[in-house]
Amino acid sequence: NAGVTQTPKFRILKIGQSMTLQCTQDMNHNYMYWYRQDPGMGLKLIYYSVGAGITDKGEVPNGYNVSRSTTEDFPLRLELAAPSQTSVYFCASNPTGRDEQYFGPGTRLTVT
Amino acid sequence: QKEVEQNSGPLSVPEGAIASLNCTYSDRVSQSFFWYRQYSGKSPELIMSIYSNGDKEDGRFTAQLNKASQYVSLLIRDSQPSDSATYLCAVNQGGSEKLVFGKGMKLTVNP
Numbered sequence: 001n002a003g004v005t006q007t008p009k010f011r012i013l014k015i016g017q018s019m020t021l022q023c024t025q026d027m028n029h030n031y032m033y034w035y036r037q038d039p040g041m042g043l044k045l046i047y048y049s050v051g052a053g054i055t056d057k058g059e060v061p062n063g064y065n066v067s068r069s070t071t072e073d074f075p076l077r078l079e080l081a082a083p084s085q086t087s088v089y090f091c092a093s094n095p096t097g098r099d100e101q102y103f104g105p106g107t108r109l110t111v112t
Numbered sequence: 001q002k003e004v005e006q007n008s009g010p011l012s013v014p015e016g017a018i019a020s021l022n023c024t025y026s027d028r029v030s031q032s033f034f035w036y037r038q039y040s041g042k043s044p045e046l047i048m049s050i051y052s053n054g055d056k057e058d059g060r061f062t063a064q065l066n067k068a069s070q071y072v073s074l075l076i077r078d079s080q081p082s083d084s085a086t087y088l089c090a091v092n093q094g095g096s097e098k099l100v101f102g103k104g105m106k107l108t109v110n111p
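The listed protein sequences derive, respectively, from chains A and B.
When the letters of the first sequence are read in order and numbered with the working numbering, they come out as residues 1 to 112.
When the letters of the second sequence are read in order and numbered with the working numbering, they come out as residues 1 to 111.
Quick caveat, the hints were computed from the structure, so don't treat them as lab data.
This one's a predicted model, so the numbers in the text were calculated from it and none came from an experiment.
Heads up, a few of these hints could be off.
To be verified - Anything over 12 Å on all C-beta distances counts as not near chain B; from chain A, calculated: (1) Q6; (2) M19; (3) R77; (4) G106; (5) T110.
As the list claims (entries may be wrong) - Going by beta-carbon spacing under 8 Å, a handful of chain A positions derived as facing chain B: (6) L43; (7) L45; (8) P75; (9) L78.
Unchecked claim - Keeping only pairs whose Cα atoms sit at most 25 Å apart, straight-line, the calculated DSS-like set for lysine-lysine is: (10) B/K56 / B/K103; (11) B/K98 / A/K57; (12) A/K9 / B/K42; (13) A/K14 / A/K44; (14) A/K14 / B/K98; (15) A/K9 / B/K106; (16) B/K67 / B/K56; (17) B/K67 / B/K98; (18) A/K44 / B/K106; (19) A/K14 / B/K67; (20) A/K57 / B/K103; (21) A/K44 / A/K57; (22) A/K44 / A/K9.
Idealized CB from N, CA, C, for every residue including glycine.
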C-alpha cells in the first residue's frame, strides 16, 4: 500500500492564481481530512469528508473548496490565492473517524 | 472551538533522561487521545493512542490519561537524540470524527 499520497510536493503561486492539491489514499478509508500547518503552529482543519459525496467545513474553510467523488480521492481547490494561504497542507485519512489518522507527506505552498 | 493546550516549550533534555510532555483539553466528552511525532519538514506520525483512564506503555513511551482532570501526558524514557522532534497532542472533538491538535512541543535530546 502506498498509503496517503499528495501532489505536488512544492508549489509557488502568484496572488490571484488558482490550483488544486491532490490527495489519494489506497486503504479504502471512508474519512478524509485536509489540514494546514503554519510555522510553529499545530494543524488546523480546513475540510473533511465522511465518505464519497459528503464533505463538511472544518475550522478554517474560507478560500478553499473540496469535492469527494470517489472513496480514494479528496482534492483541495484554492481559488484566488492569497499570501495568507502560504502554508504546508496535509491530507489525512482514517477508517472509522475515531481512530488514528494517517497523514500524507504534505504540500508546501507559497503565495507571492 | 474546543481547545487543546500544550506547554509551548521548547524542552531540552540530556540523552538518557526522561522527557515529560503535557496536554490539557477543554471538551469533557472527548474519547480518543493521540500523541504524534513530527520531524522537521515531515508529516505527523502516530506515537501513542489512549482511550481510557490510566497508563499505556509501548516500549520507551508511556501515555497517561486523566479524564477527570482533562489531562493527557507522554513520557519518553531513556531519551535518544532520534527523539528530537515536535510532539503534537490531538483530541477527538466531542466524540466526533474530527481531531483538535495542540500547537506542539519541540523536544531536543542532547547527546
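Each hint, compared with the structure:
Against chain B, the non-interface label of A/Q6 is violated: not every CB pair exceeds 12 Å, the least being about 9 Å. Distance to chain B confirms A/M19 as a non-interface residue, since its nearest Cβ pair spans about 20 Å, more than 12 Å. The Cβ of A/R77 sits about 21 Å from the closest Cβ of chain B, beyond the 12 Å cut-off, so the non-interface label holds. With a minimum CB-CB distance of about 5 Å to chain B, A/G106 fails to clear the 12 Å threshold, and the non-interface call is violated.
The claim that A/T110 is not at the interface with chain B holds, since no C-beta of that chain comes within 12 Å of its own (minimum 15 Å). A hinted interface residue such as A/L43 counts as satisfied when its beta carbon comes closer than 8 Å to some beta carbon of chain B; here the least separation is about 4 Å, so the hint holds. Against a cut-off of 8 Å between C-beta atoms, the interface hint on A/L45 holds, since the closest Cβ of chain B lies about 6 Å away. About 18 Å separates the beta-carbon of A/P75 from the nearest beta-carbon of chain B, more than 8 Å, and the hint is not met.
Below 8 Å, beta-carbon pairs count as interface contacts, and A/L78 has none with chain B, the closest being about 20 Å; its hint is therefore violated. For the suggested pair B/K56 and B/K103, the alpha carbons sit about 23 Å apart, so the restraint of at most 25 Å is met. For the proposed pair B/K98 and A/K57, the alpha carbon gap of about 11 Å is at most 25 Å, so the pair holds. As the CA atoms of A/K9 and B/K42 are separated by approximately 11 Å, the hinted pair is consistent with the 25 Å bound.
Proximity of A/K14 to A/K44 is assessed by CA-CA distance (about 23 Å); at most 25 Å being required, the pair is judged to hold. The hinted pair formed by A/K14 and B/K98 fails the criterion: a straight-line CA distance of about 32 Å is larger than 25 Å. Distance restraint check for A/K9 and B/K106: the Cα-Cα separation of roughly 24 Å lies within the 25 Å cut-off, and the hinted pair is therefore satisfied. For the hint pairing B/K67 with B/K56, the CA-to-CA distance comes to about 14 Å; that is within 25 Å, so the pair holds.
Taking the CA atoms of B/K67 and B/K98, the gap is near 19 Å; set against the 25 Å cutoff, the hint holds. Using a Cα cut-off of 25 Å, the hinted pair A/K44 and B/K106 holds, with the two alpha carbons roughly 18 Å apart. With a C-alpha separation of about 47 Å, the suggested pairing of A/K14 with B/K67 is violated against the 25 Å cut-off. For the given pair, A/K57 sits about 21 Å from B/K103 by alpha-carbon distance, which is consistent with the 25 Å threshold.
Distance hint between A/K44 and A/K57 is fulfilled; the C-alpha atoms sit about 11 Å from each other, no more than 25 Å. Restraint check for A/K44 and A/K9: satisfied, since their Cα atoms lie roughly 19 Å apart, inside the 25 Å limit.
The structure shown violates the earlier hints numbered 1, 4, 8, 9, 14 and 19.
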